[in-house]
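**Student:** One line per chain: the protein sequences are R and X, in this order. Quick note on numbering: the working numbering labels position 272 of the first sequence as 272, and the sequence is numbered without any gaps. Quick note on numbering: the working numbering labels position 224 of the second sequence as 1224, and the sequence is numbered without any gaps.
Hints in this document: simulated from the structure, not taken from any laboratory. Glycine included, each C-beta is placed from N, C-alpha and C at the ideal position.
Simulated restraints, written as ranges between beta carbons of each label pair:
id, chain 1, residue 1, chain 2, residue 2, range
1, R, 122, X, 1012, 39 to 45 angstroms
2, X, 1271, R, 284, 30 to 36 angstroms
3, R, 141, X, 1301, 54 to 60 angstroms
4, X, 1112, R, 281, 50 to 56 angstroms
5, X, 1062, R, 4, 51 to 57 angstroms
6, X, 1301, R, 160, 45 to 51 angstroms
Just a few of them, taken from the derived set where beta-carbon distance is under 8 angstroms, the chain R residues facing chain X:
id, residue
7, 52
8, 90
9, 101
10, 105
11, 280
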Amino acid sequence: MEYFLELFFGGLTRGSIYALIALGYTMVYGIIELINFAHGEIYMIGAFTALIAASALAMLGMDGWSLLALSGVIAIIYSAAYGFTIEKIAYKPLRKAQRLSPLISAIGMSIFLQNYVLLAQTSDFLSFPALIDEFSFMENVTIIGSAELVIIITTAVATAILTLFIKFTRMGRAMRAVAQDKTMAMLLGVNVNRVISATFIIGSALAAVGGVLISSQIGQINFYIGFIAGIKAFTAAVLGGIGSIPGAVLGGLVLGWTESFATGYISSDYEDVFAFGLLVFILIFRPAGILGKASSEKV
Amino acid sequence: MDSEKRPMLPLIGSEIVKSTLTALWFMFLTFPIMVIKISPLDKTIHWRWMNLVYVGAGAFFLSFLWRYFMERKVQGARADEDGGWQKRAGQRISTDRRIYLPGLIALGAFVAIFPFLFSSYQTSIMITALMYVMLGLGLNIVVGLAGLLNLGYVAFYAVGAYFFALMNHHFGLGFWFALPMAGAIAAIFGILLGFPVLRLRGDYLAIVTLGFGEIIRLILENWNDFSFGPSGIAGISRPGIMGASLTLHQHTIYLYYIMIVMVVFTMIVVGRLRNSRIGRAWIALREDEVACQAMGIDKAKTKLMAFALGATWAGFVGCIFAAKTTFINPSSFTFMESAIILSIVVLGGMGSIMGVVVGAFILILLPEYLRAFSEYRMLVFGASMVLIMVFRPQGIIGGIRQHYTFQRKPAADAGEGGDAACA
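Starting from the given sequences, assemble the full structure and let the hints guide the process.
**Tutor:** See below:
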């Protein structure tokens, strides 16, 4: 039973990170129908910025929670700035182009950013400081660590804030309108460019949160982490039903649990096979994802 | 005079302000990653302020270029509406025999003597480029013609390569026997993938095919008894020619000619397929699935045909790849490979055969010849992908849709029309 719970919380932690990245994918997809392949790279840049900021601040004598908070904020600001800039350079000029063009541009951007970090920093794994301290009340708990607890709670809070933001604010309403019908939203006076920029900024900020948290838990990063995480998160977004925010979270969690249990009970070699196998299996029975609405096409 | 000159100055001023702001923004953006470098061993920070200056200066000048080319692209789009000169020139070249025949002969001659003009190394690179031409043409059937976004195309490539490698390892099967069989096996895998995804559309299809590609790679990596795991299979025999023993250099030349024949064969077959009944069904499917079904086209059969016929080429190339390198392991078949093949198709121009050829040569030869820049080559590669897409979103050579023009002739045979202009 304890082993089961350990795997359960391990899967929940992993799934939370997938969910945080998947939210960015699903939001961007919902609004401009683009698979943003560079999104994983934003997560990686967030982790690197946090590492650099944390190391620099630690030398100035900062430590503990203030260090985590400050380097986290810096990482979020930078990731958001990167997301904003990438959209302006690689996607905005292609808004009226055929559908696959921005996808290729995104793949190019992803290659570019990976190599940019590789050249400017290093190709080696860098050790990431454990920014999350152990809680004193967690001493006797063995099934879940403090870092994992922080990850799960942060994801829950971030998702809740995002949901409220989309439901109740003016920008959130504009986002829903643009997702539904871009031209109509434009006619009704919604500034579509600003909405798209905001989507990229929010998605990138969430990816940065994920990047900082998971790096702090795992303890090392390199320039390639974004690629794998990006593919997994995209899988999670599709699994849940792309374009749907609760779907992205659910997809992330399902994916995290599948991987965790498959690793724990069957074999760690085939972890990803189970993840993708599950995806194929679910899509056969629900072609639009778990929470996606199966839309019939109008003629 | 005066009235004409006056608006220029504020214009230049505002351009400079714009570029300065861009430069400042990029200096801010690249600050942590470009300037600060932490050395992990002794925990010291290495400040590289010069990088900040480079980024600032680079962004300042590039932003001028960027806006200039953006302006030109917008004007170009306007000009295109009344038939741009490029399009007309392209049509002339492809239809006028006097222009394209000598060009074709010269190209053929160059291709034929290429291995004797250049070194074995150059020929080897050219073989790789030709392999990607074939892969691109195969994927072009699935993505360009049938409009099914396949991100796991490399799986079929892997199937072909492993089929030949394993058959050769266990049973000593020769290249020429394995080649058609590799294509057939890949086609079967194409249908196997095709069945579950028949109902999926667009990006759901993309992720399932991506997953399929990853599953194949992971199985090859982990099923040690079957595929020898990450260490791969070595000592695969090269294609033989009547039992004669060839040197490595001769082998390369031989393989080069095999590739040339295969590429020409592929181009002819794909070109014929595109204009066939099934090819038109694919294009109809791509344009509108519902309307296509309403016209009585069997959607399932058409999609499966696209998957199977697309996969066949990958199977062939996989077999050739195994014979060329004589060693394969799963790391040759990653998702990045699928992404590169897809980029060839889109970058060159979807649905266009010449486009795929040009795209493959650019994407494969560019990193090879950028080796002079060694470490920067992938950076430049990624950036060029973005730039080509931004400034030519339809691809370098966009697919020209085949259309029939009705030409009324003055004499008795009026109404007799039909002059096909095709790419």
